[in-house]
Amino acid sequence: MIAQKSHKGLSYRKKKELKGWIFVSLFLLGFLVYYLPVLIDAVRYSFSDLDVTGKQLLVTFVGGEHYHYAFMVHPDFLKTLVTSIGQLGGEIGAILIFSLFLATVLNQKMPGRAFFRMIFFIPVVMATGVVEKYEVSNILMEQMENTAEMGSTAASGALFDAEAFLATMGIIDPNIVEMLSSLSEGIYGIVQKSGVQLIIFLAGLQSISPSIYEVAKIEGASGWEIFWKITFPMLMPMIFVNTMYTIIDSFTRSSNAVVELITEIGFQNSNLEASTAMSLVYSLVVLAVLGIVAGVFTMINRRQGVER
Amino acid sequence: MAAVRRVGKRHKKLNRSAAGTFFLIAITTFFGIFMIMPMVYSVSTALKPLDELWTFPPQFFVQNPTLKNFSDLIRLMSSSTVPFARYIFNTVFISVVGTAGNVLISSMCAYGISKLKVRGSNVMFQMVVLALMFNGTVTAIPGFLVIRAFGWINSYAAVIVPAFAAPLGLYLMKQFMEQMVPDTLLEAARIDGASEYTIFFKIVMMIVKPAWLTLIIFTFQSLWSLSSSVYIYDEQLKTFSYALSQILAGGIARAGAGAAAAVVTLLVPMIVFIISQSNVVETMATSGMKD
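Taken in sequence, the protein lines are chains A and G. For the first sequence, my numbering gives the first residue as 27, with consecutive numbering after it. For the second sequence, my numbering gives the first residue as 2, with consecutive numbering after it.
Be careful, since some hints might not be right.
[As the list claims (entries may be wrong)] Restricting the straight-line Cα-Cα distance to at most 16 Å, the calculated cross-link-like pairs of lysine to aspartate or glutamate (EDC-like) are: (1) G:K118 x A:E43; (2) G:K203 x G:E188; (3) A:K255 x A:E245; (4) G:K69 x G:D52; (5) A:K255 x A:E240; (6) G:K118 x G:D184; (7) A:K41 x G:E188; (8) A:K42 x G:D184; (9) A:K42 x G:E188.
These aren't lab readings, by the way, just hints derived from the structure by calculation.
Next up, chain A with everything else stripped away, as it sits in the complex:
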């Protein structure tokens, strides 16, 4: 504000703008060179028919045909889209609550804290494509399921199958295993997807000044009060970042039902145009979800500001 006086002929705002462009330019260049053309091509393909049989790729404009197919003709697309949004809503909430809870626990002083932190990041490292591809147990499991008809527990992308594990231990009755497995698979899924969120929350927790807690304790606040009156509001920015990250992560991971459907249509049915159209629709839906969530957070922040 104070430095608004002009400097070397340029106003403060102009200079700031120019410097901003210097910072932005490198990324912008990379984006314009690669991602933007890909994006534009994808949009173009979704309105066209592709012919890949010749030497050159033939693109014929056909209008909104593929969008019509996606919404009106394809039996599952719309249904999968709607159900998966509902499911993910619950899952995202569970992941956020769980990782916040665990981050507060791991932020406490206790023996073996560094070790536990490392353990909770293992799933993130394990989730790489390499391991999934080479994981022998998956190949083995699949073959065994085919022969022994273990049924619904197909090791689809999951590195480790909790139900199969319990069953193979051979110490628990199959019926109890069935019941336990649905429960443990739920927990397992949530725990496995919380690694990154946990780290982000931990970073947030560590940035809260200890003197605030000291004051609260001297004033006689209970642990419960401290959490809701200090930790939670101070973590609000991290909760926002984490919510956004979790939404993107759950909506775009390859085991997502809609993503699976799109991939299947694109590769197995070789209907790339329709799958591009669906992907575009899906991206816009996710973008809308992100926009709504961001709006809610802004509203909460504004209200808190008023209360203060």
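Given the structure of chain A, go ahead and fit chain G onto it with the hints provided.
Quick look at chain G alone, frame taken from chain A:
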């Protein structure tokens, strides 16, 4: 961290009883088991002799541990036509350059968007998020055409340049900077005569250190595990995980070596994680600020 510890010691009695500590450990151990199971299973599978790999039902823990799978892997590696060191160099080069570039470039851009508020940057940001949402299947063909148009087929650039401007990096860094770096702090630095570059490297990047340490892990891990890139045909330029997948394509008899390979590939991202996390220290952006 040090400050936290000091406070904790002073108020030890107020903090927690021994039972409380036990309770905390019990909770973390319970969930920790869920986290560590896949890891334990991978390692134990890698140590299994061939007959145990094929037992049904599969045993979770190895009965007669052996290192034969690892020696098999080494033997297979040394018998490949292109020296294995070459594959490893390729992967390390791509991972390190790609990660460093991605973290630096996207952090700079995030600073421009979130703090310098470049005009039109919001539209750009929305486009980036849209690109982030895109399914890999859909972008495969246009992506290939773009890379070919630039003549990057069969070069490191085909993998590294897209990694430089990977949307996730910008997204994460922008959110973090917006949420964690107070504008008043930057304004104070400017009044004190700091240049934008000093502000960026000495203040902003220090505050969002946890963010870019996490981003390093992400990017490194995704580049490290990049296996058969469709853009690279030259055997000399192929990656480590591609070479591993070739070895494993040798059939079921190589399942043991495959399990060993999985453990080996896991090791490096794990080490990167440990190193980067040991660097996360308390950031004090908010202390002493009065908004």
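Going through the hints against the structure:
For the hint linking K118 of chain G to E43 of chain A, the alpha-carbon distance of about 8 Å falls within 16 Å, and the restraint holds. At most 16 Å may separate the alpha-carbon atoms for a hinted pair to count; K203 of chain G and E188 of chain G meet this at roughly 14 Å. Taking the CA atoms of K255 of chain A and E245 of chain A, the gap is about 13 Å. The hint holds against a cut of 16 Å. A distance of roughly 12 Å separates the Cα atoms of K69 of chain G and D52 of chain G; the hinted pair therefore holds under the 16 Å criterion.
Between K255 of chain A and E240 of chain A the alpha-carbon distance is near 14 Å, which keeps this suggested pair within the 16 Å criterion. Taking the CA atoms of K118 of chain G and D184 of chain G, the gap is near 11 Å; set against the 16 Å cutoff, the hint holds. Only pairs whose Cα atoms come within 16 Å are accepted, and K41 of chain A paired with E188 of chain G is accepted, the gap being roughly 15 Å. Restraint check for K42 of chain A and D184 of chain G: satisfied, since their Cα atoms lie roughly 14 Å apart, inside the 16 Å limit.
Between K42 of chain A and E188 of chain G, the direct Cα distance comes to roughly 12 Å. Compliance with the 16 Å bound is thereby established for this hinted pair.
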